[in-house]
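Asks: Chains as they are written, first to last, in this note's numbering: chain A, 1447 to 1570; chain B, 1447 to 1570; chain C, 1447 to 1570; chain D, 1447 to 1570.
Keep in mind that the hints were calculated from the coordinates and are not lab data.
Treat the hints loosely; a few may be bogus.
Covered stretches of chain A, going by a simulated chain B footprint (3 or more residues, C-beta under 8 Å) [stated by the list, open to error]:
#1 1460-1466
#2 1502-1515
#3 1551-1563
Derived DSBU-like pairs (lysine-lysine); straight-line CA-CA distance at most 30 Å [unchecked claim]:
#4 D:K1570 x D:K1498
#5 A:K1535 x D:K1516
#6 A:K1498 x D:K1535
Every residue gets a Cβ at the ideal spot worked out from N, C-alpha and C, and that includes glycine.
There are 4 protein chains.
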Amino acid sequence: MRSRDLFNCTDRDRAVFEAGIKLASLYHQYIGSPVNPENAGHFETAMEEGMKAQPFVSTASVSVDRRILKASLSPYGYCSLNERMLEAKVEIEYEGWRVRASLGWVEELSYPLMKIDDIKKPAK
Amino acid sequence: MRSRDLFNCTDRDRAVFEAGIKLASLYHQYIGSPVNPENAGHFETAMEEGMKAQPFVSTASVSVDRRILKASLSPYGYCSLNERMLEAKVEIEYEGWRVRASLGWVEELSYPLMKIDDIKKPAK
Amino acid sequence: MRSRDLFNCTDRDRAVFEAGIKLASLYHQYIGSPVNPENAGHFETAMEEGMKAQPFVSTASVSVDRRILKASLSPYGYCSLNERMLEAKVEIEYEGWRVRASLGWVEELSYPLMKIDDIKKPAK
Amino acid sequence: MRSRDLFNCTDRDRAVFEAGIKLASLYHQYIGSPVNPENAGHFETAMEEGMKAQPFVSTASVSVDRRILKASLSPYGYCSLNERMLEAKVEIEYEGWRVRASLGWVEELSYPLMKIDDIKKPAK
């Protein structure tokens, strides 16, 4: 069985859908994790590798904003990973389609927005 | 500012993207929650209402498979919500587009598949 | 097999340990959940019932601070459950010991503190 | 303000309570994360460093059982981190007390047990 047979949509739709899945997975899995300036790099690596482990992800990058992180530290020297400091980019490849999407805090919306940055189907 | 200005895609793409976000949010937020036959209904309600609180969700339903739940109970009478027992359906409405998507365990793939079930733009 | 045989501690220690487990479970499971003034009550119920499902919990109460919640809402009318708005109390009963513990934001520490409020062994 | 002033218990109680917090934090934060044999090491490091970032943790080790991991892989080559594959040890030091505690699947209980392995107050 191929999962493709279970979808009722175009390949472009599927590629876009997968992009949404990956960004929301990241956010809702790791928000709340205990981070500090020393371990943030390890978290970034684990989160990136976690994205790359999922289907149709060609590239992924995750970063924790160190300026926000430092401003959020408790007297214990760490804080919970929050929506203002988590940033990510992902590229999906599916049946020739490439979708780039990203997650980041948008101050004007006061919201951690997940958005589509580019969709294309390169000529082979 | 409207979030729409930050997207580089069609309205259909956006609707599909939002569907992926909602299902992955559900999965990665709640997997691991302590459930038993008595509280499962409360979790279903909270998870549904959590989906409906998010942008562009017109309907949502979440269910915990009681048969799998009962088979997974520890001697303490509860277990962690897992990928085999969580099922959900969501409908997104965005700029006239309606996307229906769902989450559920697919035994043949041994995988909790999130999939697109229908995309349409009804005539007004 | 009883889990008690696997512990190397007193009954009082065990009761205290279980209290720590319950509060941290709550925090790290649900931080990030999509809440708004309409669904917060459903989340409180589910979180409470999730605590009560776990071993040795005699009572539990969870509340989402509505003032903080309303101040945190995005333009979409909801926000992610965060460390400043989640409050909980739990009582553990284990082999005659009763431990009360709580979770709440402490402004002076800028920290969501989990603390022990009372430990006693009532005469029968 | 010291958090100690807010606790109503002995130093031993506090040390034990903190051990419970750390193990439950780990479990409920990361269960559901996308793991595979290639990224599991990165997750172990991030989870360990996340434990060490928290107050009063002197040592921590986390491992993902590779045998269970491999047996749980979906056709996509990864799976969600689950209760059967996550193992951890932590040592708390608080006001002279040392508490060792651990998390691991106990087959006889069909349960991911968090337990206290040792409590002592070494002579200085």
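Asks: It remains to establish, for every hint, whether it holds in the given structure.
Replies: Against the structure, the hints:
1. Counting residues of the segment 1460-1466 of chain A whose CB falls under 8 Å from any CB of chain B gives 6; the rule of at least 3 is met.
2. Coverage of the segment 1502-1515 of chain A by chain B is violated. Counting CB-CB distances below 8 Å, 0 residues qualify, and the rule asks for three or more.
3. Counting residues of the segment 1551-1563 of chain A whose CB falls under 8 Å from any CB of chain B gives 9; the rule of at least 3 is met.
4. For the proposed pair D:K1570 and D:K1498, the alpha carbon gap of about 23 Å is at most 30 Å, so the pair holds.
5. With a C-alpha separation of about 28 Å, the suggested pairing of A:K1535 with D:K1516 holds against the 30 Å cut-off.
6. For the proposed pair A:K1498 and D:K1535, the alpha carbon gap of about 28 Å is at most 30 Å, so the pair holds.
The earlier numbered hint that this structure contradicts is number 2, and it is the only one.
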